[in-house]
Amino acid sequence: MKIETKKVELALGNAKILKGIDLHVGKKEFVGVIGPNGSGKSTLLKCIYRVLQPSKGAVLLDGKPLKSYAVRDSAKKMAVVAQHNYYNFEFSVREVVLMGRAPHKRAMERDSAEDYQIVRAALKTVGMSAFEDRSFSTLSGGEQQRIILARALAQKTPCLILDEPTNHLDIKYQLQLMNIVKGLNLTVIAAIHDLNIAAMYCDRLLVVENGLIIKSGTPEEVLTPEFIKEVYEVDADVIKDEKGEIHILYHPTYRKIREDNEESSNV
Amino acid sequence: MNKDMNDKKAGLIKKTPGYVMTMIVLLILLILSVLLAVTFGSVRIPFRDVYGVILYQLFGIGDASVYGSGKIYDVVCFIRLPRLMLSMAVGMGLAVCGVIMQAVVKNPLAEPYTLGISSGASLGATVAILLGVGARFGSNYVGVMAFLGAFGISIAVVALANIGGRATSVKLLLGGMALSSVCSSFSSFVVYFSSDNDALKNVTFWLMGSFAGASWENIAVVFPIVVLALLFFWSQYRNLNLMLLGDETAITLGTDLHRLRQVYLLVSAAVVGFVVYSSGTIGFVGLIIPHLVRMVFGTDHKKILPICALIGAIFLIWADVLCRIILPGMELPVGLLTSMIGAPCFIYLMVRKRYGFGGGDS
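Chain order of the listed sequences is A and B.
Each number in my numbering corresponds to the 1-based position in the first sequence with 2 added.
Each number in my numbering corresponds to the 1-based position in the second sequence with 12 added.
Here chain A stands alone, though its shape is the one from the complex:
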């Protein structure tokens, strides 16, 4: 499963959100898309998972333009876990996960025993088997997000797109979700807010700023103190521990602000 974009541009009204994005994600690659708020990373992913149409350029799945796929067929190629939303409805966990089977079903087709088996397997993968009969709305945010991941798994796609899936979740659930995804060994494109999480899980990072990809490479290549200062305007140290994992340590600036305030009040 290969995903490419060719000079993708997107304008909403007069504002150009994406200004010509070329990317290439190979088979079983785990690619993180990072960048500050409003940089266009989520918009880029939305173009890939068909919620938005690029105004120019094209998205290619396995070399063929996305537009040439029926919506149902592209949903057999890639599944999406998006930002956590509250849903105001009373579906059971099983019913929610079963919806992941929708692209494989025709209108009159019944849910088969195989579908239910896939649902159970997906719930087992995300560690939520015991919740099968629970009502979705009674679960915590982290649990709901794992159910949505199970729904994406039930789609049985070679590619998974994560659109800031861990926003608003506690750190435990953030790591849990990413661990599950990483363990699946699929092609993954993930928009990630947290640079430490991006560093921990991604094979390669793409940096989006102002609608362009300004840098790409391994986390070690991309995440340097200079880069973080330039793009995010924060001071940070990047260290590599004995296991070879990269950690970003941020430095607060309040001391300087305090000093400045004291100086100005002394005057």
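Accuracy of the hints is not assured; some may be wrong.
Said to hold, decoys possible - DSS-like mimics (lysine-lysine), calculated; alpha carbons at most 25 angstroms apart, straight line:
1. B:Lys314 with A:Lys107
2. B:Lys314 with A:Lys158
3. A:Lys242 with A:Lys231
4. A:Lys69 with A:Lys4
5. A:Lys4 with A:Lys29
6. A:Lys29 with A:Lys8
7. A:Lys4 with A:Lys21
8. A:Lys184 with A:Lys242
9. A:Lys78 with B:Lys314
As the list claims (entries may be wrong) - Which chain A residues stay away from chain B? Per the calculated CB distances, all over 12 angstroms, these:
10. Lys29
11. Gly65
12. Leu188
13. Tyr203
14. Ile250
15. Leu251
Calculated from the structure, these hints are not laboratory results.
All residues carry an ideal CB built from backbone N, CA and C; glycine is no exception.
Use these hints to put chain B onto chain A, whose structure you have.
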């Protein structure tokens, strides 16, 4: 029933028998309701004679000279049975259309009224009765005009919501409310300047809804349409479920809802049009029944569509019986009764619990 067997083999769905059982119980209740309700009426007829006529009609059992003709035969076959059949069909149709419209606009407050479809039907009927528009459609021209009004408005709502980008649920709901106001004000305009008192009374009666005009000819049209629409929507349960998750999620799950939303709306408008054509405007059935059913059975349309249809039918059968016996010597319009029962129920539900698709806790 292949699926149920598969489920049992896999030992998976503990709940499936629950809702299947509910459907069987409701079906039995519906049949019992019909058998009981047929004995109520302004003319007192002994049970034995009522069932005698029915048995004779169905199986040819009994004495043809007693049950094959005459006054009792006329009352049972041309007044009571058509009325029952019509209230069943209308109850099913309205409850199902309520469920569908709520899914289409993703808002549990949607109903034939809030989407302007009933107002369109009312305008069509008012114009027909007071101004004689559409008289060349024949003796049933009022109904035909009501149907055309409902259909026209639903197309207008969809068209309005499509201006400046794809139709969203909010645009559909707002468009419906706007067009509903337009229609009601034009209806009021026509009523205000009319001096024909008989026609005005006719309009009023029609706007309140009644099964008094039931006839086998009406039923032959309405019943098949309602049943076909129910089967069609039941086959679409997956898409209806996806509608509640929103357009974005639905696309990632392989379904583009844009077209479907309009198809569903037009099919329900056709049902509402024919319902209004046969029995005037009857409110709140499409709002209260889906809500009650969701509170017990959740949101999965595979379960709630047939259950809503059955409960809607049972509800209107008894509402109509109540209308016939509550005031001695006269009959209450059934639309009036459903509003009188429905509106307080609705307020109670709203106050007691957050109004949602089954009501989440937060």
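Violated hints, by number in ascending order, as checked against the structure: none
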